[in-house]
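Trainee: Spelled out, the chains give:
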Amino acid sequence: MLQITEVGKTFHPLTVNERVALRGVNLHLDEGDFVTIIGSNGAGKSTLLNVVAGRHMIDQGSVVIDGEDVSKQPEYKRARNVSRVFQDPMAGTAPHLTIEENLAIAVARGRGGGLRRAVTHARREIFRTELKTLELGLEHRLTTLVGMLSGGQRQALSLLMATFVEPRILLLDEHTAALDPSRAELISRLTTEAVARHRLTALMVTHNMNQALSMGNRLIMMHDGEIVLEAVGEHKKSLTAQHLLDEFSKIKGAQLTDRTLLQG
Amino acid sequence: MIIALELGFLFAIMALGVYLTYRVLDFPDLTVDGSFTTGASVAAVMMVNGVDPVLASVCAVVAGMLAGTVTGLLHTAGRINPLLAGILTQIALYSVNLRIMGRANVPLLRETTVFTPLREAGLIGTWVSVGVMVLLALAVMGLLDWFLGTDMGVAMRATGDNEEMARSQGIATDRVKIFGLAISNGLVAGCGALVAQFTGFADISMGIGLIVAGLASVIVGQAIFGSRTVAISTFAVVLGSVIYRGVIQVALNVGLNPNDMKLISAGLVVVALVLPRWEPVRKWRTARSNRRISDEADLVDSVAGSVN
Ligand SMILES: Nc1ncnc2c1ncn2[C@@H]1O[C@H](COP(=O)(O)OP(=O)(O)OP(=O)(O)O)[C@@H](O)[C@H]1O
Ligand SMILES: [Mg+2]
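Chains B and F, in that order, give the protein sequences. Heads up, the first sequence is in this note's numbering, so the first residue is 3 and it goes up one at a time. Heads up, the second sequence is in this note's numbering, so the first residue is 103 and it goes up one at a time.
What the hints contain is simulated information worked out from the structure, not anything from laboratory work. Backbone N, C-alpha and C fix where the C-beta goes; we use that ideal spot for every residue, glycine too. Be aware that a few hints might be false.
Restraint ranges, calculated between C-beta atoms of paired labels, are given here [unchecked claim]: (1) B/Q89 <-> F/V376: 31 to 39 angstroms; (2) B/E70 <-> F/I193: 40 to 48 angstroms; (3) B/I128 <-> F/G224: 53 to 61 angstroms; (4) B/T242 <-> F/F249: 51 to 59 angstroms.
Between the sequences and the hints, there should be enough to build the whole structure, so can you do that?
Mentor: Set out below in structure tokens:
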């Protein structure tokens, strides 16, 4: 489904600001795999997702989706197969467009914008049905500007928009990090439901150990641009937060001081 | 005052073009000063050479679209900042426009123009010609409203509102921007062609400072009439254009020098930009919009209540 092979990415190469973000990363996912990704700040987690989405072009290696090498494909073309939810709730929606207009963009994804009406009666009915699954009452507010919604509501909408036209791959980058605990809970539940319902192949970055352990069937830990730990299936189920923390300390060769890892 | 209405509705076509870039695409496009004159020159030269005025006006629109495309390519393919890309095209167009006209001024007084029937019937400067201008402006406004409601139009609005999100939703944002700049400058050039036919000449300097008139129409109009939906926004722009011409006309009537008009235009834009942020005005506006939000919340509650 998704083959990331020997992928390397360096920012600002050959300058004083040179930063190696990915060092020959290999990751092969089968259809329906749901991988959670953990790792300290600057480990390269976001870069890995951005490289799959096409926001950053890779320096070496290849990214293959469904047998097609997309390494050189621009971001907007990959959006047909790959969709994303960002950490920032403001990032995934257009604030000055209404809820229904935002959803119309998600419906038209990958088909290019034609000259047909964006919001039709038939589409509105679909929007209402889908919005109901969020249980936030948004189905009654189709013509509200998205900028008027709370962060949690916008994030729920982003998630819906990301899964509306079934993508092959769903990328989630700390998409519950900016939300209060109850909202984060809701978005996590909706994520699990959406992934299961559409049988999506998903990559989810999180700093929340419990989330990383409870969600998905695979787990990877990244450090300094490399995958340093992989756990699949039963192995993953047997892991505890303490295991992961120990693993971290071992890799760092020092006591774990990264406070973000201790959250949750 | 009839003249202010005629010009106000006529220039509204240009203001709608400025709205498309400045508000919809969030791209302050300075190409306008050049492409307006390009439209006027192309139409004028063609009509002097005996081309049908309608066909000449259509060609002017196409020329404007080309100019917009150039700015779009400078920005997207050339990665040049929007303001600079627009200025570069605008400056280049000055030379191009002189080439097209072959001199600084082309009179059209003896040519047949789209306004000739009105002029021969002695209806210019009457309510009939105002009506014609209103119809022209509303037709363009209607077309723009329709476009911005299509899949492509909504994609364009999303590109201006949140480019990152647009790209992640599969919108080819570079292409969308080029297309938006092309339509915008097509409208501006079309307006230039009509203004040349209305005033009876095309002149190399007729577009100078025009962007300020366009911005004034957009900003003043939306400050007064709001921008909640596309339909409200475009209508506000048309009325803004009329208000702007009205202010200019009043300034002329009280004896100010036509050369002072650019100063007045710029001052008007500054006032329209700064005034809404001035404390008393802001309080009044927040009070008004809070009332709207709470109305909406009530509505949502009552709807939700009736469902449960
Ligand atoms: N656009 C960019 N320009 C320059 N350097 C970048 C850019 N994006 C990331 N980097 C660098 O690449 C490295 C990996 O960053 P990345 O954002 O992938 O980390 P991360 O694992 O997502 O961290 P965090 O947990 O803080 O989100 C860091 O050293 C970072 O400074
Ligand atoms: Mg990150």
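Trainee: Are any of the numbered hints broken by this structure? If so, which, sorted upward?
Mentor: none
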